[in-house]
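Enquirer: Fit chain B to the supplied structure of chain A, relying on the hints for placement.
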Amino acid sequence: AGSRVRPDPRWRRRWGGEWPLWLTLCLGASLAVDRGNFKSCEQSGFCRRQRRIQPGNSPYRALLESLQLGPDVATIQLVNEVTQVPLLLELWGLTGNVTRLRIQELSPLRPRYRVPDVLLGDPPAERLEVTGRDEGTLELSLGPGGHRLLVTERPFRLDLLRQRELLCSVNARGLLVFEHQRRRRDSLADKVSSVWDKIKSLFRRAVPPFLTGFVPPQPAEPPAEPEEEPGAWEETFKTHTDSKPYGPTSVGLDFSLPGFEHVYGIPEHAESLRLRPTEGGDPYRLYNLDVFQYEVFTPMALYGSVPLLLAHRPRLSLGIFWLNAAETWVDIGSNTAGKTLFGKLLDYMQGGGETPQTEVRWMSESGVIDVFLLLGPRPADVTAQYGRLTGTQALPPLFSLGYHQSRWNYQDEADVEAVERGFEEHELPLDVLWLDIEHADGKRYFTWDPAKFPNPRGMLERLAARKRRMVSIVDPHIKVDGGYRVHTELRARGLYVKTKDGNDYEGWCWPGSSAYPDFTNPEMREWWANMFAFDQYEGSTEALYTWNDMNEPSVFSGPEVTMHKDARHFGGWEHRELHNIYGLYVHKATAEGLIRRSGGRLRPFVLSRAFFAGSQRYGAVWTGDNTADWEHLRISIPMCLSFGLAGLAFCGADVGGFFQNPGPELQVRWYQAGAFQPFFRAHAHLDTARREPWLLSPEHLALVRAALRRRYALLPTWYTAFYHCHRQGIPVMRPLWMEFPDDPHTFAMDDQYLLDRVLLVHPVTEPGARGVNVYLPGEGEVWYNDETHEQHRAPQTLYVPVTLSTIPVFQRGGTVIPRQDRPRRSTEAMKGDPFTLYVALSPQGTAQGDLYVDDGISFDYATKNAFLHRHFHFANGTLTSSSADPRGSMSSPAWLERVVILGVGRPESALLTTHDGSQSSLHFQHDPERSVLTLRRPGVPIGADWSISLR
Amino acid sequence: MLPPPPLLLLLPLVVTGTPEVTVTRPRGVALSQLPFYDPSGPFRCLDGSGSVAFAWVNDDYCDCQDGSDEPGTPACPNGRFHCTNAGHRPRSVPAAHVNDGVCDCCDGTDEWGSGACENTCRERGRQEREERLRSAARAREGFALRQRLVQEAAEAKREKESRLGALQAARRELQARLGPLRAAKEAAEGPEREARERHRPREPTQDEAGAAEAFAELDGDGDGRLTLEELRAHPELDGAEIEAALGSGGSVDSGTFRERLWGLVRERLRPQSPPEEEEEEEEPEEEEEEEEEDEEGPEQVPPVPPQEGEGPPQEEPQFDEATQALIDAAQRARDDLAAAERELKEAEDGIRALETELGMDFGPEGEFSYLYNQCWELSTSEYLYRLCPFQRVTQRPKNGGAETSLGLWGSWAGPEGDKFGAQKYEGGTGCWQGPARATTVSLRCGAGTALRAALEPSRCEYLLELETPAACRELPAGHEEHDEL
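Chains A and B, in that order, are what the protein sequence lines are.
For the first sequence, position 101 (counting from the first letter as 1) is numbered 101 according to the working numbering, and the numbering increases by one without interruption.
For the second sequence, position 198 (counting from the first letter as 1) is numbered 1198 according to the working numbering, and the numbering increases by one without interruption.
No lab work stands behind these hints: they were computed from the structure.
Beta carbons are placed, not taken as given, at the ideal position from N, Cα and C, and that holds for glycine.
Do not take every clue at face value.
To be verified - Sample of chain A residues lacking proximity to chain B, with all beta carbon distances greater than 10 Å (derived):
#, residue
1, D159
2, G281
3, L316
4, N530
5, T806
6, P834
7, R936
As the list claims (entries may be wrong) - Only pairs whose alpha carbons sit at most 20 Å apart, straight line, appear in this in silico DMTMM-like list of lysine to aspartate or glutamate:
#, chain 1, residue 1, chain 2, residue 2
8, A, K831, B, E1111
9, B, K1424, B, E1456
10, B, K1419, B, D1349
11, B, K1398, A, E438
12, B, K1345, B, E1173
13, A, K500, A, E929
14, B, K1398, A, E42
15, A, K238, A, E42
16, B, K1185, B, E1365
17, B, K1160, B, E1348
18, A, K831, B, D1104
19, B, K1424, B, E1357
20, B, K1398, A, D441
21, B, K1157, B, D1349
22, B, K1160, B, E1355
Here chain A stands alone, though its shape is the one from the complex:
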């Protein structure tokens, strides 16, 4: 369903007069999110407690004498001087400019949750050395990168330096919080001991300075407790009570980033690319939630969470990866936030201004403090560092980069057939048709409604015969129904999430009463993966792929529309510890199922709504249930840019908007924008009017067709960009500052972006637009209009007049992009089609680019090196094709159809030299007005070495 939705009144009738509370709540607001359904920081106990702590009074002291230097890790004890609770700090200098720090209780009452299955493995570490000691300070060198870490004793703080430059300080504001585990006291003892505690703590504060040497902690007796406020051992939100059997366990830490004014990341929020200071409002919240009709520009939590924040300033990019899967809030502070540009200028001229600085404060409800400081220095280094830790985007099967047509719901086999026929008749390319929840028999996933889909296999075969595929939805809530095999097996095997009392956890979702498989249990994931075998998922074929929706998990009857925090998972962990990673496990198990059904041969395609750090390894994600308005079209760009920075490169937004009906102009503009976003799917709510493209006027339909064809022509560029991402972790859809890191103009820009490094895209997102202002970055560079090939100098802000047919896209001078210009019916129908190279010359007359090709569907590229990676280089009038990666080899029938060189004069001749040395002269055309040279039919195989010289 894509979708949390208000129930149809007819549905209501069926369920009689009793209105569940969640349902009443849903019906409250009309077309906006009901904020009252979701917690503010004030309503979330630990966030409220932590935010009340004032900076500058850190009770923590580093016991420098306790330093132990292992082969990889340095450990130092910390102690809270008020409570005397000892903590253990571990420090690593990881290979590739990453520093890791972890803080845990030295002797916890019970183990704390350390997030598994996110890191690819134990990251290799450099050898640490003590390079200096001082009174109250310790200096560690962190491997060959020239990074040093200063550990200050009291109050405890860390300063990370590269040479003499301070990169980042930890606990500089003294907001380290570690609510140690404690025993719940009965009320009488509580009163007595709290008085005693006060006395003790008074005494301890008065410890004279000469006694502050290393005091071994005494964990034998439960340490003194600070006074507990109400809610520490039980919290109630609306009608839901969280039993909190382990009391307060939250953690928090602050990071100071001197010189930084721009921070990004921590998806998912419907927010601008650049994060805003949170003072005076709520912090950004990370807690996977099914938010009905979300609004834009709020720090509210949405469906997914990646606790990775990036910071950027000229010459330096950093990342902070806070590996914690519990509910998390992030406060952003800025010392220049309130200042005008003029004010900053004044500061600068008077020399008295502070250095701009951003403060980042993380607060999580439980778990440990486990932080990776990604030290760049370039933007692409940070994303690569993150990719080495958590994995990079899975290389998508090629078809999934084509166009997807979805709707809640294509009703039956005849409907599917008719919609696909519409694409044929109107000559619109299409790769995948989608089936939402109504396709299943009573929302029992892995089944088909026998009346509407009596012959799914035949339907899938018909689609496959026209080189198309299908996706069906498989959600993680399982109908409680004794006649449903999935339910009876999971119940019998005890694989459901449990309540705090040990019963199967049940909640209300699409099928009615539902239970939730415990995907954190490897046995559960194994069972689930096996369900995708062709003989288990009846009616499925190789042409059927999967969509995991509602995997936050969405529980209509639960607190904040999700699972109770005191529910129990595998290993006895509470849901609160791992909430944000539940969706990742669903995604992972499903992707593994699709791999397994092909005997490990074929790549999976799985779309997920919830996500966590590492979800990029399992497939695509999208921005959930958006709305058909211009704001939501605009926000799709910064949202997908933020996803990409956090590793989730395969991102898209429902084209046209999920809720409500787009007008024709909005629909066309959304297709144009969507054609240039990684995951390109139109989707719509059950209650919206039909909006297949041919229902538009012929004029609008032609514009949609043009947008779709532009997408398909650029698929080689998309696929190559995904290959870069897969190998290096660099996003496909990139903020400008990633490629122009020294140009502050680009730092907050999010109405335009780069596709890979080659195309600058500025979609039109205003109704009735007559023109857009496009910023073309790059000192001394040129850009070429992708349609007219007109050349523009940079940097400049270019006013581009637009009509409804215009998608402002520019190719960067100095790049080569591969295209396949033949408008086929699907990506598979393009297999073997010849390529055209668009060579856009820099002012120096050079260009380079690459092309990645493989079979588009299997793992042979990885297991057998069955791929082609070609490098194209233009200099001194000669374009050369050579192998970019000698490991790869593959026979491909594809050949070079045409070369278009932008920004070049008319040559006398164009001479093609093939790998065996034979030469032939190419026909060409030259457009002197635009300086465009088109070389006709070089005809060489795309995998071969060759060169073309202009004379």
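Expert: Then chain B, alone, in the frame of chain A:
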């Protein structure tokens, strides 16, 4: 270098009625276009935009803006590939479908490079021919039925028009009779009243006294006339019929009050006092009031309204013969008037219905008129759909639940040139967060009349398919063989 794809192809071409001949033509070119592809000279793009060496025709590179140099390859985005499809129907497919592994032409020629397809034209041609024969037979049968419908419609229309004429005449005649009948009633009632008066004891009855008392009470300003304002001061007397009885003059004296109003107000003003005398005309009023029960209230057995003829027979005072004759005469005059009024109303209802029906657009020849005043149903897995053409569409869930209106008759809504191909029904039950439900009924030719399909392509937008002979059109002679090679 890849070898350029084959330029020309020898195509065996079957020309109907002549022996098999072999014509050389570039791949993908229709016979009619062949003269433009002359290998002896350069090829001129068909749009005149340029000219290329003939060797560049079908060399898998697009040179002409109109795609005409690559009719047999997928090189041009706007090219068209012609397939002969011997045994079936020739087709022109997008050149982008050439060699994409999907069979677009039944003769398989679009997949000359991939070899993915077999020639299925003969089989397809045969199937299609058979299907066309079947559908032509259906269409003919349907058309014959339609002609009968047209005839019947014309007859029915004539009959209805004449009925309308008759009703209109009857109405005129009844309207003319009403005046005299009213006068006759008035005339007969005067003597009747006098006779009754004479027959009755002179002192005012208890009821008359009550009326006088009530009049005095109601006549607030004591001027001897009761006005609307004075009546309205007594909310318990609120009621349209009372105001109506007050008449156009807006006020009454005590006598008129007793005659016209007392009967109406007595019960409300004096609920306790049992009436001694009942005037027959006023009886029905009470029944209406009783019906205003709270519908949502617990169900009760409604009190049985007093029925005439039940209970002890009303004691009618005995009159002498002459008085009785006057009373009988007045009663006859009243009955005559009431009967005429009833007839007039019936005539007017009939006229209205006929005018509505005759005003409907039942198609160019009235062929759809037979659908009027009938309903058809279709049962799907979830719902029972009911279409009453020119009236309404409804849907009832099979597992119980209330009927939902999917729209009331709106208009003919076929596409341009086929206005009578579809009907629109609008303003059905409102949709949650959306507009009112609406239905399009598409009409298709068939030998019988039946609902064939019911769909909800978008939420609350329904599509019904009604098969009817009225939608059949005359087929041109030889239709079955048309379009065949």
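Enquirer: Taking the hints in turn, state whether each one holds.
Expert: How the hints compare with the structure:
1. D159: The assertion about D159 (chain A) holds, with a minimum of 56 Å to chain B.
2. G281: G281 (chain A) is indeed farther than 10 Å from all Cβ atoms of chain B, at 30 Å.
3. L316: 47 Å, holds
4. N530: At roughly 32 Å from the nearest Cβ of chain B, N530 (chain A) sits farther out than 10 Å, so the non-interface label holds.
5. T806: 19 Å, holds
6. P834: Since the minimum Cβ distance to chain B is about 8 Å, P834 (chain A) lies within 10 Å and the statement is violated.
7. R936: The assertion about R936 (chain A) is violated, with a minimum of 6 Å to chain B.
8. A:K831 to B:E1111: The hint holds at about 14 Å.
9. B:K1424 to B:E1456: 14 Å, holds
10. B:K1419 to B:D1349: With a Cα-Cα distance of about 31 Å, the restraint between K1419 (chain B) and D1349 (chain B) is violated, given a limit of 20 Å.
11. B:K1398 to A:E438: 18 Å, holds
12. B:K1345 to B:E1173: Satisfied, since the Cα-Cα distance of roughly 13 Å is no more than 20 Å.
13. A:K500 to A:E929: Between K500 (chain A) and E929 (chain A) the Cα gap is close to 75 Å, so the pair fails against 20 Å, i.e. violated.
14. B:K1398 to A:E42: Not OK: K1398 (chain B) and E42 (chain A) at ~50 Å, beyond 20 Å, violated.
15. A:K238 to A:E42: Answer holds: K238 (chain A) to E42 (chain A) is near 14 Å, not above 20 Å.
16. B:K1185 to B:E1365: 50 Å, violated
17. B:K1160 to B:E1348: 14 Å, holds
18. A:K831 to B:D1104: 17 Å, holds
19. B:K1424 to B:E1357: 18 Å, holds
20. B:K1398 to A:D441: 18 Å, holds
21. B:K1157 to B:D1349: 18 Å, holds
22. B:K1160 to B:E1355: Cα-Cα ~9 Å, so holds.
Hint check: violations occur at hints 6, 7, 10, 13, 14, 16; the rest are consistent with the structure.
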